[in-house]
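Given next are the chains, with one letter for each unit.
2 protein chains.
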Amino acid sequence: MTDKFVTLAHGAGGKQTSELIDRVFKEHFANPDLTADDAAVLSMEKGKIAFTTDGFIVSPYEFAGGNIGKLSICGTVNDLSCMGAKPLYLSCAFVIEEGFPMDKLEEIAAAMAKTAKEAGVEICAGDTKVAGKGQVDGVFITTTGIGRIMDNANTSGKLAKAGDAVIVSGDIGRHGCTILLARDEFGIEADVTSDCAPLWANVKAMFDVTNDIHVIRDATRGGVGTVLYEIAGQSGVGITLDAAKIPVADEVKGVCGMLGLEPLYLACEGRLVIFAPKDKAEDIVSALRKCKNSENAAVIGEVTEDNAGRVVMKTEIGSQTLLPQPGGELLPRIC
Amino acid sequence: MTDKFVTLAHGAGGKQTSELIDRVFKEHFANPDLTADDAAVLSMEKGKIAFTTDGFIVSPYEFAGGNIGKLSICGTVNDLSCMGAKPLYLSCAFVIEEGFPMDKLEEIAAAMAKTAKEAGVEICAGDTKVAGKGQVDGVFITTTGIGRIMDNANTSGKLAKAGDAVIVSGDIGRHGCTILLARDEFGIEADVTSDCAPLWANVKAMFDVTNDIHVIRDATRGGVGTVLYEIAGQSGVGITLDAAKIPVADEVKGVCGMLGLEPLYLACEGRLVIFAPKDKAEDIVSALRKCKNSENAAVIGEVTEDNAGRVVMKTEIGSQTLLPQPGGELLPRIC
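Residue numbers (the UniProt record's numbering), protein chains in the order written: chain D, 1 to 335; chain U, 1 to 335.
Derived by calculation from the structure, the hints in this document are not laboratory data.
Each hint should be verified, as a subset may be incorrect.
[Stated by the list, open to error] Simulated crosslink set (EDC-like; lysine to aspartate or glutamate; CA at most 20 Å straight-line):
| id | chain 1 | residue 1 | chain 2 | residue 2 |
| --- | --- | --- | --- | --- |
| 1 | D | Lys48 | U | Glu122 |
| 2 | U | Lys48 | D | Glu185 |
| 3 | U | Lys133 | D | Asp22 |
| 4 | D | Lys15 | U | Asp33 |
| 5 | U | Lys46 | D | Asp22 |
| 6 | U | Lys253 | U | Glu316 |
| 7 | D | Lys158 | U | Glu262 |
| 8 | D | Lys133 | D | Glu185 |
| 9 | U | Lys133 | D | Glu45 |
| 10 | D | Lys133 | U | Glu19 |
| 11 | U | Lys86 | D | Glu45 |
| 12 | D | Lys46 | U | Asp151 |
| 13 | U | Lys133 | D | Asp137 |
| 14 | D | Lys158 | U | Asp33 |
| 15 | U | Lys158 | D | Asp22 |
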């Protein structure tokens, strides 16, 4: 295939579509379960699975620390991991703009393959559509995943309990900050890299030290603040954060200071929020700190019976303020 | 929620996203497995499953006989069915253009719910993204499905054998013809309705009369002609079609005649192509004819040892011509 750009014919389902699939996707995704039929055929054991889907429309599609391909694998792998599920199988559906550079599509496919390998997951089904120039901006990818839930895992946003510690797996807001800078709309330069990473190994490491984990959520769109409000609502509990303990990289703090942003509402793509009993928190944090991508894990707060549905922030000078409810649109197409 | 149009805030992951999900999607998709967590938790039996994904970008998103919502369910349900798999669970990921009418989104969700019910499948996970005005054209939907493969089913594009009959489940080319007319670019008026339909019941009816079915494929993008070339290639066989036996509705024939199109290359979204031993063909056709959406099933040809990889058409006057290889772009955004 010598085409340098994606054409409408690549999306028509005929010869050119087969060529695109063979030379770009099969080349990178090759594995015994990758299907050439209408669906992949997979052997399953009896038990509970997790099933999740996410669309990725990030702009720009390349950024410091990754591209839309890496992101599309991490997002779905992490959603499965949050349910205590070992990621097994992924599907991916592309919508590509006519004229998209073929070499960039290859880079995206290569990043997907690399990240899938790192996460121990197989891409086994896919779809390719091409929309005319101006009908889709660049490339959109939807990934869907199946994972096997570990017997000892039982996590849900409804299970946070008064007395739980609130843990984050690393410094927050990197991904949102990276995309913001990549758009170059503010004339700010800072050396920030996305936290985008697959986190199954990190979840597994936590369950290796305790089964007593109530909630795991990855803080993507809306950031850690939005996740905390969701869980406060789903579990009917209050959350108190200790502002001084929230890990934020200096460069992210700097950008947030200049633009008046709250890092708690900046998206992450490789950070977990974990709720577990206080007496297990130290073991969990220490297990996380031994893993790649969670070296800066920290307890940032606790769950309370009062203030149900709310998130309260204890500031560094000891006062308490209500974290504002998430809402509105901070930054479109962050993931 | 009183918003009449989708806004960027509906895609930001915060309060407005929750409202949109609650009032539009949960309202229509409600079922015990629909998740509010990062992934749905599903109980699986030991055995083989089928897993498939498809992106839908059809333009216009409403057409005679359906809309993108109905189409997005049928497409994935039919891909599962083609593997002899009873459709069990679906996920759906939306990318919506800022400013998309909320009432139209509701109609799409309602059509999805209705079609899912008809197919006996649960929508249990989803995702909603909003892209800015002009960054996506209307609404794109990706659905992904899990189905349980019946013990007595073993279908694949590789399994066509010399001596097999080639069956279609109904008259061909309706969907492609409908979309073509809906775009109103040719000034042709004709009363054509899309064949868009979920076909699990039809597949089940075939397996109720025989397990001896080698290939089932739904003829979507590229139409029946493209499917036949795919299977000829995958199985290393030739296919001979009897032109007189191919069911085409008069109105589709008329439009094709005016525009110089071959109905075999017009997309269907509710038509199966089936390969099975000749001595089972009559039973299969008669089982299909008793089902809704396959009343016009017919044997249209046979598999041959010679002409491997090719599709030959016997014309009504007895001559033989090679069906041209599929390729190029007939009509973008057909599904």
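For each hint, the structure was consulted:
Simply put, Lys48 of chain D and Glu122 of chain U have alpha-carbon atoms about 16 Å apart, close enough for the 20 Å limit, and the pair holds. The suggested pairing of Lys48 of chain U with Glu185 of chain D is violated, with an alpha-carbon distance near 50 Å, which exceeds 20 Å. Only pairs whose Cα atoms come within 20 Å are accepted, and Lys133 of chain U paired with Asp22 of chain D is rejected, the gap being roughly 34 Å. Taking the CA atoms of Lys15 of chain D and Asp33 of chain U, the gap is about 39 Å. The hint is violated against a cut of 20 Å.
A threshold of 20 Å between alpha carbons decides the hint, and for Lys46 of chain U with Asp22 of chain D the separation of about 32 Å lies outside it, so the pair is violated. Of the supplied pair hints, the one linking Lys253 of chain U and Glu316 of chain U holds, its CA atoms being roughly 15 Å apart against a limit of 20 Å. Taking the CA atoms of Lys158 of chain D and Glu262 of chain U, the gap is near 56 Å; set against the 20 Å cutoff, the hint is violated. Taking the CA atoms of Lys133 of chain D and Glu185 of chain D, the gap is about 24 Å. The hint is violated against a cut of 20 Å.
Restraint check for Lys133 of chain U and Glu45 of chain D: not satisfied, since their Cα atoms lie roughly 45 Å apart, outside the 20 Å limit. The straight-line distance between the Cα atoms of Lys133 of chain D and Glu19 of chain U is roughly 32 Å, outside the 20 Å bound, and the hint therefore fails. Using a Cα cut-off of 20 Å, the hinted pair Lys86 of chain U and Glu45 of chain D holds, with the two alpha carbons roughly 17 Å apart. Distance restraint check for Lys46 of chain D and Asp151 of chain U: the Cα-Cα separation of roughly 16 Å lies within the 20 Å cut-off, and the hinted pair is therefore satisfied.
At roughly 11 Å between alpha-carbon atoms, Lys133 of chain U and Asp137 of chain D fall within 20 Å of each other, so this suggested pair holds. This hinted pair checks out: Lys158 of chain D and Asp33 of chain U have alpha carbons roughly 15 Å apart, not beyond 20 Å. Only pairs whose Cα atoms come within 20 Å are accepted, and Lys158 of chain U paired with Asp22 of chain D is accepted, the gap being roughly 17 Å.
Violated hints, in rising order: 2, 3, 4, 5, 7, 8, 9 and 10; the structure is consistent with all others.
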